[in-house]
Amino acid sequence: MLYARLITMRLMKAIVVLFLIIIFNFFLIHMAPGDPAAILAGEAGATDKEFLRQLRERFGLDQPIYVQLWHYVSGIATLDFGYSYRQQMPVLDLILQRLPATLLLTGTAFVLSLALGILAGSLAAARVKKVSGSLIMALALLFYATPLFWVALMAVVLFSVYLDWLPAYGMYTVGAGLEGFALVLDVAKHLILPATTLALFFMAIYTRITRASMLEASQQDYVKTARAKGLKDRVIQRRHILRNALLPIITLAGLQAGQMVGGAILTETVFAWPGIGRLMYEALMQRDYNLLLGIFFFSAALVIVFNIVTDLVYRLADPRIKEAS
Amino acid sequence: MSDTILSIRDLSLALPRGADRHYAVENVTYDVARGEVMCVVGESGSGKSMAANAVMGLLPKGVRATGGEILFDGQDLLTFSEDRHRHLRGRRIGMIFQEPMTALNPLMRAGDQIAEVFEAHGVLTPKERQAKALALLEEVGIPQPEKAIRAYPFELSGGQRQRVMIAMALALEPELLIADEPTTALDVTTQAQILELIRDLQQRHHMAVMFITHDFGVVAEIANRVCVMREGQVVELGSANDVLDTPKHAYTRALINAIPSNAVPPTRAEREPAPLLEVRQLHKVFRSRGGLFKPAREVVALHDVSFTLDRGETVGIVGESGSGKSTLGRCVVRLERPDSGELRLDGIDFTVLKGDALRRERKRVQMVFQDPYASLNPRTRVGMAIAQGPMANSVPREQALKQAEDLLELVGLGAKTAERFPHEFSGGQRQRIGIARALALNPELIVADEAVSALDVSIQAQILELLEDLKQKLSLSLLFITHDLRVAAQICDRIIVMQHGRIVEQGTAEEVFLSPREVYTRQLLDAIPGRAHEPAMA
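Chains A and B, in that order, give the protein sequences.
Note that this note's numbering has the first sequence beginning at 926, numbered continuously upward.
Note that this note's numbering has the second sequence beginning at 330, numbered continuously upward.
FYI, nobody ran anything at the bench for these hints, they're computed from the structure.
Small disclaimer: the values here were computed from a predicted structure and weren't measured.
Glycine included, each C-beta is placed from N, C-alpha and C at the ideal position.
Straight line, CA to CA, 25 Å or less: simulated BS3-like cross-link-like pairs of lysine-lysine: (1) B/LYS731 with B/LYS692; (2) B/LYS456 with A/LYS1157; (3) B/LYS390 with A/LYS1055.
Some chain A residues flagged as far from chain B (calculated, every beta-carbon gap over 12 Å): (4) PHE951; (5) TYR991; (6) THR1121.
Sequences and hints are given; from them, build the entire structure.
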């Protein structure tokens, strides 16, 4: 009941925010230098004034800007994100085609980094001032400090070229015509390298935060109470220390989750992963404004959705927040 | 003594290198018998809690036993492995702590935290554990136990949390209960209730209780025997009556004398009434902002509060937490703005002042805060901390710093201390710095909010003396906010008793303490620990 209310409230707010973002993005794109019609015409090899006029008319670029804005906003309201004149396809189709690949990659990386990061962080916290604990932290620092693309390239060199264990690029084996379980296995094999590479960076951050947060929680009075009860160390670590240490981790996870659409450009480029990141890069290079706006919209929407989800998870994790809000 | 449950023999606990002394406790010997309450008394740093931590096997890192033995039911706990020790904890030895606010896991329901004790020792089924938890909550007298069992700690009051702690410690009927300052953080009436509960449970279960406290008033209430500790050593050991009535050691006498004597406020000389602060019908309501679907919550912090404070007078505001006494203090220094009413200082209405005018006038009222640790910036030298006030009021830097040195001299710390940082001082010294800082702007009125509550009794007495002394020298007036009636009795000319944001009673200290008119005032006075014992002590 309380949650239903809360979600309704948040969704109402989200729609307002999203609307503002749409308008903001629209003007931002139109403030960018360069006339899309001129570029289109230029690439077609024509400089004819009449041809330019026709192009402008066809794409509505001759209308006053507020009319263009109105067309755009009312289009989005009916899920019409316009037409990509570059790719000769509706923007929505293009994005929906690429979205699953990106979400698969970033989602896997997200779960991987969160799970391994918290695990490594808890281990490091339990082994503070021991060699094994320091080793975990040193590794985390190394992953944190190494550039992502370099790790990606080295992973390809080692696992694909040298050891030949895993495919180097793509999402599935081209022309194999696999189906069913074999296809799943094939995609999974292709997924391992890019997902792990992408996960390493965030995993390092989760490790550090989990450790710091757990060490702080372990100083609290309730941990002494738990020990006075005669609880086992393992139980105290998990139930009393880790649970109280989770809040900053949730904050960070919410931030990472929000970046899932746009945050994998580098990885997608190195591993030739057919996702949104690469689509965005191409759209940017080709001044494909409708497509860019569409991708921006989806990224923004995802950030907002995950903000709401984070808020809800927070409430589950900490009963005190209900009272405070 | 065959019924001795705990016997500490020549126990020495070494502190890590670099501490201000080598041993936390040195050659300490005392016994606790079944069915008795043994009070271990001392000031902070006396090592009174350390032996208890050793009994529990919960010594802080770096502290280790270097000699002696701790015999629990005949077995030396110092030789126990961690695992064997763990089996004793919670089952045969229970412990409760000082801070009920932080001693419970904020993310777990009260019932689950109690049930955990059974789980830790593998007794009962999950369902039985919940049933037992409920029974325990009933036994410790929590109102609406079936609701409390589902409550998170933040939904319970301080006294209720301490009851949950006690329920937890008693879950497996331990033979020994260690209570480490369990009532220090509580209001005086709550303290009286918790003390009664502990005594009652102790008798019903025929438990041994090791009760650690700094407060001789509490000792008088609960102890069968007393062990007085100082700097890691036992200075006096004996039955409660002997120690309280005929203390042998000079330190014990000093501790007992340092407790501000209650109910006998010293008579004050009559003064010509010359109002400095006039408060008329002050109202303040705190509102939590409501949402579209949620009603706003209102807490009345001040309701129709009126009083006058004369020049050179000390007025005490006394009340329990939530009585609005601190809000009143914050309104007087205009950290908080009252909703309505007047607050006149020398005829100028403080409530309507704004901007520059407020900045000019507010230096006439200064505040000394409760927590001397938290109220000083840890990275500012104390001289600078004191000089910042005058500098903000356009006193040249050099002059302000020179003045800060003079003030440090005045509060008894010496001019040289101006170069040091707050962490280099003890609690009492820090409170002297806090007083110097308040004096830096030559105020006419000082608002002291629980200014001595965080200090040991002997330090408390020194700070109160300093305040009294400064008041005479600098012709100050003092608004003294405290929950401790004994302190109020010692320093205040007049007392205002507050409850739920209203003034219950006001009058001269003598009137309020010797012939209270209101029921609530009488309840407060009756709840002061050690009151029954007072005549014998005086």
